[in-house]
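Put chain G with the ligands on the given structure of chain Y with help from the hints.
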Amino acid sequence: MSWLDVLRDSAMDSWNIRFWPSCFALLLSIVYLRGFRASRRSSPTRFALWRAWSFILGQLVVLFAIFSPLDELGGYLLSAHMIQHLLLLGVAPPLILLGLPAIPLLRGLPATVSREWVGPFIASRWVVRIFHVLVHPITGWLALVLATWVWHVSFMYELALVDPFWHEVEHGFFLTTAFMFWFPVIQPWPSRAVWPRAAMIPYLLLADVQNTVFSAFFAFAPRVIYPTYEQVTPVFGLDPLADQALAGAIMWVPGSLIFIAPIAWIIRDLRSSSGAAAQRARYGVQEAAPPIEVSLPQFSSTPAPRRRGFDLLRLPVLGPVIASRRGRHLLRFLMLGLAVLVVVDGFLGPRTASMNLAGVLPWTHWRGIAVILLLVGGNLLCMACPFTLPRTLAGRFLPRKLAFPRALRNKWMAVLLLVCWLWMYEVLALWDSPSATAWVVVGYFVAAFLVDAFFRGAAFCKYICPIGQFHFVQSMVSPLQVSARDAATCATCTTRECIRGSDRVEGCGTGLFVPKKVGNLDCTFCMDCADACPKDNVGILPAAPAADLSFTGWRSSIGRIADRPDVIALLMVLVFGAYANAMGMTAPVIAWQDELTVRWGLANHALVASGLLLFELALLPAMVAFFLLWIVPRMLGPAPVGSPRTGWLGRCALSLVPLGVAMWIVHYQFHFLTSWASILPVSHRALLDVSGGSLGQWLGDPAWSRACCAPTPDWLLGVEILILNIGFVVSWAVFFAHARTSAPGRSTSRLLFSVLPMTLVQAGLLFWGFWIIFQPMQMRGTLLL
Amino acid sequence: MNVHRLPRLVLLLVLAGWVRVGSADTGQLREVVQMNGLNVVIFTAPTPLRAGEVEVVTLVTVEATGRPVLDYQLDVRVRSKQWDTEALSLLSMGVPDPGTRFAKKATVLLATPGEWELSVEIQAPEFDPVTVVVEVAVGNPHPLWWQLLPWLLAAVPCLGLILARDAITQRSRRRFPAS
Ligand code: SF4
Ligand code: SF4
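Residue numbers (this note's numbering), protein chains in the order written: chain Y, 91 to 875; chain G, 6 to 184.
Quick caveat, the hints were computed from the structure, so don't treat them as lab data. Be a bit skeptical, because a hint or two may be false.
If you want the footprint, here are the derived chain G segments under chain Y, 3+ residues with CB under 8 Å [stated by the list, open to error]:
| # | segment |
| --- | --- |
| 1 | 50-60 |
| 2 | 70-81 |
| 3 | 112-120 |
| 4 | 123-133 |
| 5 | 154-167 |
Model, not experiment: these values are computed from the prediction. Backbone N, C-alpha and C fix where the C-beta goes; we use that ideal spot for every residue, glycine too.
Looking at chain G on its own, in the form it has when it is part of the complex:
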C-alpha cells in the first residue's frame, strides 16, 4: 500500500460513514409499557427538559420475543396542561429516523415552561396501534446567550494560548539571552 494514498482512503472511509447521519443519544428514560404485544420504551432529551425543542425517542420490541421492531410509524402530540392547547409535533414522525434503526426520534416544541403531556403513538405493522401518554415537567429555557456561551467565549482560550506562548518565550529568552 502506497502511504501517499492513505489520506484519500481515510477521507473515503469517513465520507462513506456519512450515508446516514443522526443522533443515537436517547436521553432520560420516561416510560416502559407493554401493550398490544409490544414493549414501548420512551426517552426524552435534553435532561432536564427545558422549554423549546425537545426530543422524544422511542424503542419498540416484540413483547413475546424481545426482537426490535424497526419499521413503525411514530407520531407525537403535545399538550400543555396550563394552556390546554394541542399541537402536532414539528417533524413528521412518519419519516424514518435518520441515523439509527433501533430508536426513532421526534422533535417537538414545548413552547412554555410547566406541565406538558406527550402523547406518543406507535403504529407497527401487524400490531394494533399503541398510544402512551407521558407527563413531563418543563423548566425555563436557558437564555440565548447561555446557549451560545461556548461560542461567545471562544476567544478566551485563544488569548490564553497566546499569553502562554509569550510567557514561555520570555522565560526562554531570559534563560538563553542570545536566542
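Same shape as in the complex, but just chain Y:
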C-alpha cells in the first residue's frame, strides 16, 4: 500500500466527529439560514446567495479542521497541524464574516429570544463599547499575533498536544482572535469602519510581515522545536526537521496569500470609486436597510402573548384523533385496557412486583412516560384518563343534579389524599405489592364513578384526584395549553358554550372559561370546551414554558393563587413530595430507618418512615413557608397584589414548581431508563399465564434477566444534574421576575440581595436533589428487590 493509498483510506475513515461541535454548527446554520431567508426577502442585493454559501463554507472549514484526519495527523506531523491552524486562523473566519452573520443570526432566532435575551445586550452601551474595543483594528491585530506566537511556544504547544482540553482551548483562542482580526478587514454590515478602508492595506501587510518572521523561524530552525515530533515523526520515515521546514513553508506561502489576497480586493474597491461608494455598490445600500427590531424586555405580570401558528389539534394524524370525541374515547379505552390488565394481573399474577404487570406498568413505565409527556405536551395524560369513563357513563344514565358541597370546593381534600398517596407508596410499599396496586386502581374507578354519579361537572378531577393534581401542577411548565385560537372571536361571543355547554356537550367540567383561562392548572385537556364551542375557536396552542408561574392575577375558576392557601399547600406538597419520594429510595435513608427501627425495638420501619415523611411533607414545608412569610416581605415590601398574608407565599410556591418538576423527572426517568426492559419478560409471563402455558412452545421462557436493572448509563448522572440545574434556574428566574415586579426601581445588586432568602431555599432544594442522585438507589421494580 502506497502513502497515497494510506492517505486516501484515512481521509475516508479517520473522521473524528464530535457531538457537541456538530450540534452547535448545525444549530448555528439553521438559525442563520432562517434569518438569511427573511433578510434576503427584505434586501436581496445585500444578502446575495453567495453570502449564505460563504457562511456555510466557513462553518464546514472549521468542522473540517477539527474533525478531519488533519486533527489526528496533527499529533504526528507539525505540517498537518499547521494546515489545521491555517484553516482556523485564516480561512474559516473571513468566510463566515463574509456571510454578514449579525442580522441573519438575530432574525433567525425565535422572536422572544432575540427580543428578550439578545436585544437588551446588543442595545447596551457597555456591550457595544466592549465589542468595539474587541474588533478595533489594533486589538484584533495584536490578539491574532499574540495568540499565534504564544500557542507556538514549546511548552504551550506540547500542553495542547498531550491534553485534549488545552487543544480545544487553543482552537478556541485561534478562532476568536481570528474573528477579531478579520472583522475590520471584512467589515460585515451593519458594522461601521473605524479606520479608513485604505488603512487595511498596511494592517494586512504588517500581519504578513509578522507571519513571514514566524514562518521563517520554523523553516530555518536548526533543531526540532517540539520534542514530541522529534520522536514521532520519524516513524513515518520522515525527517522531523524537514517536516518542521515544510510546516514553515505552509505558513509562509499559503499564509501570506491569505493576507495578500484581500489587499488586492481592497485596492480594487478603492480604485473603482471612493471607499463609501464602493461599500454602497457592494452592499446595494440604495435599498432601505431592514429595521433592526430591538426592544427592551419588560418583566410582565401577565403571561407572554400566545403564539399563533402551531396547534396540536391541527397536527396530521395526532390532531384528528385528539380533536374528535371518538378519538379521545379510543385513547381512554386503550388506557382502560391497560388498567384492566394491571388489576387482573395484580390480583391473580405472581406476588413478586417485578414479575407482575401491576408492579412494573404503573410504577416504572407509566410514571416515566407521564413526566415527559406532561412536560412537552401539557396535560395529555388526563385527556386519556380511563377514570373519566365512569363519569361519562354516569352522565349518560344518572341525573347528576347535585352541586359539589361548597365547603369542599377547594384543594384541601386533594392535598390530604396526595399526602396519603405518598405515605402509602413509601410506608406500605405500594410499589412492592401488586394486589395493593390493583386495589388502588379499583378504588379509583369506584370513587370516580360515585363522585361523578352524584355531582355535576368534573368534581372528582378538580377537587379529589391526587393524580390529576400532580398532572395539573407538572403541566404548569409545559409549552402547550388549551386556549382560544382568536381572542377577538371570544370577545364578541355571547353564548359562551365553552363553559355553559350546549345541547350536545357539557361545558367545562372544572369551570374554566377559555378566554379567561390561564395556564394548565385545573385543565384536564378533556376538550369538552372545543366540542362545545360553535366557532371552532379552541385549540391546544403554544405558550411560553413556565410563563404560567409568573402570573399572579385572577385565573378563571381559581382566582388569585396568592389568595388560595389550599393551592399554595398543594404546590408545596408536590415540590417537597418530589424530594421526599426520591429520598425514600436512597441507601443511606433506608439504612438509617432500619437502624432506628432496631434501636427502638419496633416491629417494622413504618413508624420511622411515617415520621420522616411527616417531617418532609408537612413540617419542613411549613417551616420554609413561615420563614419566607417572615423574611420576604421585609426584603421586598408588601406583595403587589393578593392577600397581605399569603401574597408572597403564593409567588414563592409558584416559583418552586420547576424545582419539583425537575426532581420528579430525574426520579422517574432513573427508574424508567434502568428498568424499562422489565416489561418484556413480565408481559411474556402474562401471555404464558393467559394461554395456560400453551404458547410456551413458541414463546419459550421469559428472559428474566431483563427484569433486572440495566446498568446505569454513563451520561445519566450528568443529565440528572443538568435537569436539576434547569429546574433551579427557571425557579430562580421566576422568583426574580416576581421580585422585579414588586420593586421595579431597585438596582440589580440590591434586588439580588433581596431575593437571597428565597435563593437559599431554592439552593437548599437543589443541593438536596444533588445529594439524592449521588446516593446508591434502591432498584424498585426490578428483580434486585
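Only chain G with the ligands this time, still in chain Y's reference frame:
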C-alpha cells in the same frame, strides 16, 4: 440552489460525517520502539494518568518505509505493581478502533493509584507480534463531584446572564424612563 434547502443539506452533511465516530486525541507520548520491522508509538490519556479508565493509543508503521500499518490487532494487559494482579483490558482490542485509522485505542481500567505496567501487544499481518511494556505512575482519581463540576455549576452562568440582562434593562430604564 434554493436557499430553503440549505438547512437540509447541512443536516445531511453533518449526519454523513457520523459514519465513524471516535476520538483522535492521542495523549502523552510514552514509548517509541522499533521491533520486528515495525515502529510502535504508544500514547496514554488522560494526562496526567489517574486511577480509573485510561486510554492506551498506539500508532504502528513499517520500520523500513514509514508506511502506517492500518489493520493490526491491539491487545493491552495491565498489572498493578503493588497488587501483582493481572487483568485483561476492558475493551476487546480486536475491535477496529472507531473513528481513526492511524491510531488504535484501548480503554483499560487502572483501578488504584500507584505504579502500573501496561503490556501492549501488536499483531500485524506479515509481521511477528510485538510486545512493549510501559510503566506508568497513576495518581489519585478526582472525586466524582470534581469530575462533574461543569455540570454542577451549570446554573451559575445562567444566573449571571439573567442578572446581566436585568442590570442592562435597569440602566436603560433609568436613561429612558418612558421605555
Ligand atoms: S371559546 Fe368559543 S364558546 Fe368560548 S367564549 Fe370563545 S368563542 Fe365563545
Ligand atoms: S373543558 Fe375545561 S378542562 Fe376540558 S379542556 Fe376545556 S378548559 Fe380544559
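Tested hints:
For a cut-off of 8 Å, the count of residues in the segment 50-60 of chain G with a CB near a CB of chain Y stands at 3, and the three-residue condition holds. Under the rule that three or more residues need a Cβ within less than 8 Å of chain Y, the assignment of the segment 70-81 of chain G holds, with 5 such residues. Residues of the segment 112-120 of chain G lying with their CB closer than 8 Å to a CB of chain Y number 0, which falls below the three-residue condition for coverage. Given a C-beta distance limit of less than 8 Å, the hint that chain Y covers the segment 123-133 of chain G is violated, as 0 residues qualify and 3 are needed.
Judged by the Cβ-Cβ criterion of 8 Å, the segment 154-167 of chain G is covered by chain Y as claimed, because 8 of its residues qualify and three suffice.
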